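Engineer: Please build the complete structure, drawing on both the sequences and the hints.
In case it helps, the numbering used here puts the sequence shown at residues 21 to 937.
Among the clues, some could well be false.
[What the hints assert, rightly or not] Ranges of calculated distance between the beta carbons of each label pair, as one might list FRET restraints: (1) Cys849 / Glu583: 17 to 27 Å; (2) Asp321 / Arg867: 42 to 52 Å; (3) Glu157 / Thr106: 14 to 24 Å; (4) Trp555 / Ala534: 55 to 65 Å; (5) Gly423 / Asn813: 44 to 54 Å; (6) Phe422 / Gly292: 28 to 38 Å; (7) Gln67 / Asp603: 54 to 64 Å; (8) Arg189 / Leu733: 35 to 45 Å; (9) Leu733 / Arg327: 38 to 48 Å; (10) Pro352 / Arg189: 25 to 35 Å; (11) Ser674 / Asp321: 39 to 49 Å; (12) Thr766 / Glu583: 42 to 52 Å; (13) Ala534 / Gly866: 34 to 44 Å; (14) Val894 / Thr553: 49 to 59 Å.
Honestly, the hints are just simulated from the structure, not real lab data.
Values in this document were obtained by computation on a predicted structure and should not be read as measured data.
Beta carbons: idealized from backbone N, C-alpha and C, even for Gly.
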Amino acid sequence: MLVVFAVPRTAAAQVGTTTDIITGTVTGRDSQPLAGAVVQATSLETQVSRQRTTDARGRFTIVFPEGGGQYQLTVRYVGMAPTRVTIARQADEDRLVANVQMDLAIVTLEPVAVQAAQPRGLERLGPGATGRDLRSEAMSRLPIAASDLTALATLAPGVVGIAETDSTRPAFSVAGQRPTANRITLDGLSFGGAMVPQDAIRSTRVVTNTYDVARGQFSGGLVASTTRSGTNVPQGAFTYNGRDRALAWGGVTASPFSQGYTQNQFGGGMGGPIVRDRLFAFGALQGRWKDQALPSLATADAATLERLGVSPDSAARFLALEGATGVPVSVPDARGDRGINNAAALLRMDWNVAEAHTLMLRMDGRWNSDDPTRVRSLALPSTGGRRSERAGGVMASWTSHFGEQLINEVRGYISAEHTDAGGFLALPEARVHVTSDLPDSLRGIATLTFGGNHAFPQHTDNTTAEVREELSWMTQDATHRIKLGGYLNSVRLRANQTPNQLGTFVFHSLDAFAAGRPSSFSRTLAPLDRAGTSWNEALYLGDTWRAGARLQLTYGARLEATEFRGTPAYNRTLDSLFGVRTDRIPGEVHVSPRIGFTWTFAAESGGGGRALPRGILRGGVGDFRGLPPTGLYSAALGAPGLATAETQLECIGSAVPTPAWAQYAQDPATIPSRCVDTASAVTISPRPNATVFDPGYAAPRAWRASLGLQQQLPGAYTLTVDASYSRGVQQYGFRDLNLVATPQFTLSDEGGRPVYVPADSIVPTTGALTSLDSRAHPQFGQVIAIGSDLQSNSRQLTVVVSRLAARGAALQLSYTFTRARDQSSFSCCAVSQGFAAPTTAGDPNGREWATSAFERRHSLLATVTYPVTSALEVTALGRLTSGIPFTPLVGSDINGDGARNDRAFVFDPATASDSSV
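Structural biologist: As structure tokens, then:
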């Protein structure tokens with residue numbers, strides 16, 4: 021990260037995300053308070069002025085929304101010479117205190133800074149906090165998508181970026197927590213997207229630790245962005261960012277499986293005064309068009325196929341056999357490359373109603389499309405589909421102050437989001453297991469895919485309403501600011517994200533595919549639209565205490581509650597068999613305490629009387645509670661265990677229907693919904709699935725502690741060392757209550773691996789099995805209980821060295837060591853995938869510790885900026901990270917629990933009974 025945006029952008033203290041507080045006392049030459057003095061504050065950034073008259077004690081408080089952090093104070097009093105003072109916050113004070121002494125004679129004062137100055141590089145995040153303050157001006161010059169808040173988060177050392185896949189969006193992890201534990205806010209309230217017009221972003225803060233109780237609804241990281249407002253200075257900017265895949269370095273870019281892409285982004289923003297000092301407007305618009313070569317089985321060359329474990333001969337035979345089915349390799353109206361298009365717009369109005377009252381209104385909208393999406397590397401392009409998203413909202417903020425001690429701020433935001441995803445082909449998905457002989461006597465095992473896509477169709481419709489109210493009171497000497505606040509979040513959700521709605525055929529070999537004999541067929545039927553409303557409330561009380569010129573403390577507690585309305589109907593059978601209630605989704609009330617500190621210090625004088633640079637020690641400990649993922653509620657609504665709701669069909673052996681691809685393409689209603697065993701003439705009907713909440717379920721939390729030291733060194737260097745610890749508790753996990761408790765047999769050659777289906781139910785020629793044979797109560801399929809009994813553990817050490825050289829050249833180098841372990845790293849998609857997320861070689865309902873998928877043991881991040889001339893600047897960004905933890909898995913269900921999460925057993929060649937393994 022560039023020092024240019026690690027250096028604090030001097031600013032006043034803040035009430036909320038964008039409101040500054042300036043307070044102080046005006047005295048005469050005899051140090052007596054002056055009542056009736058006029059104090060005018062002018063923002064150096066916006067040129068907007070506000071004024072206040074001192075009270076009987078000579079005190080004044082100016083609340084300045086969108087002030088920019090640097091001000092010139094002009095103080096006037098009858099009989100006194102006007103006094104001008106430039107103030108700029110140098111530390112992370114909760115409020116800026118500027119005491120002014122006036123004189124009868126005209127005295128020219130040098131610009132002064134307020135108390136508690138600190139070394140450069142500390143971010144404005146509150147006492148004890150860690151993170152990075154990213155200025156939009158610097159972001160626009162870096163080789164990064166400055167409008168993508170997720171990408172910006174990865175510029176903070178220690179933040180782990182999670183790349184997008186064929187089925188997931190880019191994400192990030194902080195302190196080893198799941199991506200769902202993070203929160204993104206815009207102007208102080210939750211923002212459902214990750215893209216804002218680049219020219220509309222004023223600043224972004226990536227918060228990895230904070231002990232301010234006003235910040236909540238996350239147990240991982242917080243990305244807090246603010247938007248630009250209009251000012252007294254008319255201004256505008258129009259930008260174009262281009263990236264061409266042909267200009268990328270390295271021959272690997274010639275392959276569609278590389279990361280290169282072509283992107284064009286146009287955007288602009290304009291703003292200014294409608295009525296000077298009173299009414300302002302700012303608007304921005306941005307469009308981005310990204311084309312990326314589509315990696316698929318149709319575009320893979322021989323070398324790529326071998327790297328993926330498939331011989332070119334096997335791939336050629338598969339394509340020939342697939343062509344005989346009549347299922348197209350590609351769809352005529354589908355793109356050859358993957359297109360990811362985005363558009364975003366924002367309009368903001370600010371009205372200074374009076375000196376003590378300010379109103380802000382904001383409207384935003386965004387549109388996204390992926391075409392095609394969900395095409396896997398060894399799948400045909402026709403297996404993909406299209407995804408679209410439309411979202412937008414309206415926000416209002418009202419800021420007031422009463423007298424010199426009370427400040428009130430209320431914010432509200434209403435937004436709606438609609439996503440829709442559908443496949444190119446309304447067909448079952450077909451998977452063909454292929455074993456290939458590869459060079460160097462290696463053998464590869466892979467799965468090739470054609471037909472439809474088990475992930476489609478999907479759609480969601482969410483409506484969110486959020487309100488935040490905060491009242492703060494400052495003591496007369498401005499040493500304490502006590503905050504009392506409330507928060508309300510309501511999400512009305514309606515979704516259908518059930519996987520495998522059109523079914524999946526599995527062929528255990530190319531020969532079986534040639535003969536038209538699938539080894540299994542599975543399908544999820546009768547998925548329901550899930551509708552309900554989640555409510556999250558919070559009250560917080562905290563104090564920020566300036567205990568001295570060098571020490572600041574923040575402490576307090578949050579009282580948080582969660583409830584859900586719109587539960588499914590009561591299922592008496594499930595209650596009698598498993599003791600669970602489908603009509604009850606647990607609520608929760610929890611108290612989260614926090615305390616943090618910042619101590620600014622100066623070392624003893626060095627040789628020759630020269631004082632060594634000052635530094636800062638910061639730290640804290642606290643409890644952080646995230647929001648329950650709404651997808652868990654959707655799962656329970658859609659699977660109440662009724663035959664009219666979500667049901668599961670599984671067929672193996674002679675009960676597997678023969679695929680009729682042409683018939684399915686003509687009429688998707690003919691896709692099998694039952695299976696008839698041709699050997700026994702027994703009809704196999706689908707069985708209802710159920711998803712319930714454990715009575716003790718609670719929102720995920722994390723206990724976190726940090727300690728950091730920042731020290732300026734000779735030669736314009738700054739050294740920062742931060743250590744942190746995070747203990748995740750109440751992490752959500754899944755158990756299958758309908759899995760038989762005792763294995764039917766074990767595999768002695770594989771370390772005693774348990775198998776939960778009878779041996780005679782496994783098809784001997786293919787090894788296919790059905791999880792219906794492992795059910796404790798065969799009238800049901802999976803009965804998944806959502807609990808919160810999982811944990812995680814993360815330790816992190818970050819060292820940052822930065823230097824700001826002459827002429828604006830800057831360098832920053834950071835190293836982060838992370839050790840993270842958890843009992844599950846699942847954070848996305850269906851509940852059935854959550855049950856299958858932790859790998860197993862024993863009881864799938866057991867809890868095992870393992871290295872977290874979010875651990876990157878070693879991580880280096882470097883940024884450089886070098887101004888060649890006043891008109892040309894070169895910037896560079898580099899990363900070097902350890903690999904992702906890897907566990908080899910078997911490509912099918914071995915133990916019969918219905919999940920493909922069985923760890924592969926590595927045989928000892930000296931003792932294995934079968935020499936082929």
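Engineer: With 55 to 65 Å as the target window, see if tryptophan 555 and alanine 534 comply at their CB atoms.
Structural biologist: The hinted range 55 to 65 Å holds for tryptophan 555 and alanine 534, with Cβ atoms some 56 Å apart.
Engineer: Per the hint of 42 to 52 Å, is the separation of the Cβ atoms of aspartate 321 and arginine 867 within bounds?
Structural biologist: holds, 44 Å
Engineer: State, for the Cβ atoms of serine 674 and aspartate 321, whether the hinted interval 39 to 49 Å holds or is violated.
Structural biologist: holds, 40 Å
Engineer: Could you tell me whether the CB distance from arginine 189 to leucine 733 stays inside 35 to 45 Å?
Structural biologist: holds, 40 Å
Engineer: Can you tell me whether the CB distance of proline 352 to arginine 189 sits inside 25 to 35 Å?
Structural biologist: Since the Cβ atoms of proline 352 and arginine 189 sit about 28 Å apart, the hinted range of 25 to 35 Å holds.
Engineer: Holds or violated: the 54 to 64 Å window for the beta-carbon distance between glutamine 67 and aspartate 603?
Structural biologist: For glutamine 67 and aspartate 603 the Cβ distance comes to about 60 Å; the hint holds.
Engineer: Quick one: are glutamate 157 and threonine 106 within 14 to 24 Å, going by C-beta?
Structural biologist: holds, 21 Å
Engineer: Starting from the range 38 to 48 Å, see whether the pair leucine 733 and arginine 327 falls in it by beta-carbon distance.
Structural biologist: holds, 46 Å
Engineer: Is the gap between the beta carbons of glycine 423 and asparagine 813 within 44 to 54 Å?
Structural biologist: For asparagine 813 against glycine 423, whose Cβ atoms are near 48 Å apart, the range 44 to 54 Å holds.
Engineer: Within 28 to 38 Å: is that where the Cβ-Cβ distance between phenylalanine 422 and glycine 292 falls?
Structural biologist: At roughly 31 Å between Cβ atoms, glycine 292 and phenylalanine 422 fall inside 28 to 38 Å, so the hint holds.
Engineer: With respect to the beta-carbon atoms only, verify the hint that threonine 766 and glutamate 583 lie 42 to 52 Å apart.
Structural biologist: holds, 44 Å
Engineer: Against the range 34 to 44 Å, how does the distance between the Cβ atoms of alanine 534 and glycine 866 compare: consistent or not?
Structural biologist: holds, 41 Å
The structure meets every hint from the earlier list without exception.
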